[in-house]
Structure formats: C-alpha cells, structure tokens
Amino acid sequence: MSHVRRIVIWGTSVFLMSIEAGLAALPGMEVVRLNPHLPGAEARIMALSPDVVIVGHNGGSEGLVLALLDRGFPLIELDAAQGMLIILNGCRVQVSEMEDLVRVIEQIANGGPSEHIITPTKKEFKRMFLSRRRIDVKAD
238 MSHVRRIVIW
248 GTSVFLMSIE
258 AGLAALPGME
268 VVRLNPHLPG
278 AEARIMALSP
288 DVVIVGHNGG
298 SEGLVLALLD
308 RGFPLIELDA
318 AQGMLIILNG
328 CRVQVSEMED
338 LVRVIEQIAN
348 GGPSEHIITP
358 TKKEFKRMFL
368 SRRRIDVKAD
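Numbering (this note's numbering), first residue to last: 238 to 377.
If you are wondering where the hints come from, they were derived from the structure by calculation, not from laboratory data. It is possible that part of the hints are untrue.
Stated by the list, open to error - Here are the simulated distance ranges between beta carbons:
(1) 272 / 316: 19 to 27 Å
(2) 276 / 250: 19 to 27 Å
(3) 265 / 300: 29 to 37 Å
By construction, the Cβ of each residue, glycine as well, lies at the ideal position given by its N, Cα and C atoms.
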C-alpha cells in the first residue's frame, strides 16, 4: 500500500469490532470506530474524511448512509449472515478472508470497483438500498 488508508467503522456490534481489530492490525490502515448512538458521530465522519466507511448490514443507519453517499463517501456494508461485502456505491462481492476486504478497500480508495462487478447508477442504488435488494456479480 502506498499510503495510509483511513477507515471508519460505523457501529458497535461484535462483528464490526472484530473487523476493526483485523484491519487495525494491518500496516497502512488507520481504523476509527464510531458509535452511532453518541452525539456528533455523524459530524465526526465528515471531519475524518475517510477513504471508506464500513457499516453493518442491519445497522439501522439508512439515513446516514444515504447522506454519506450524497456527499460522495465510499461505503461498504458487511453482511455477516450472507458472507457478503456490499459496496454501497454499487456492487456486491463475496468475502471470506480479511485479505478480500483489504483488496476491496484498496480498489475503492484507488478510484473504482473490480471490473467483475456490476455497478448500478446512484439512483438505482438508492432504490436497491431502500428496498434492501441486492445485485448480482458478473460471471468470470
């Protein structure tokens, strides 16, 4: 990695805390976990200007997610039950290792998703996110 990647973990679940610990142990990763229930947490995300914001699948933060997307922040939604990583500015990939997550963070921070991923428009994404539907990954 060429420079430090700033990652914000939005949530307090045990799952997200384990992701935080795994990423923080890697060189080149600055990880900040924010409790969405504390005052000022949303403003802190804006001030930190992270490379990526990671949220849990059922975090109940749809309003924040849409606000961050409108401001151009890259977001990743982790769905532990499905073993999915959903890049909220428009793709879905299967993850099984921390290296998979790091690879996707690097791709996002460098300006784009993998060429193997379908990317809907922002309007399509908002409709998909609000209805909680998912899109499919292209076949290799």
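Verification of the hints:
no.: 1; hint: 272 / 316: 19 to 27 Å; result: 21 Å, holds
no.: 2; hint: 276 / 250: 19 to 27 Å; result: 20 Å, holds
no.: 3; hint: 265 / 300: 29 to 37 Å; result: 31 Å, holds
Checked against the numbered hints listed earlier, the structure breaks none of them; every hint is satisfied.
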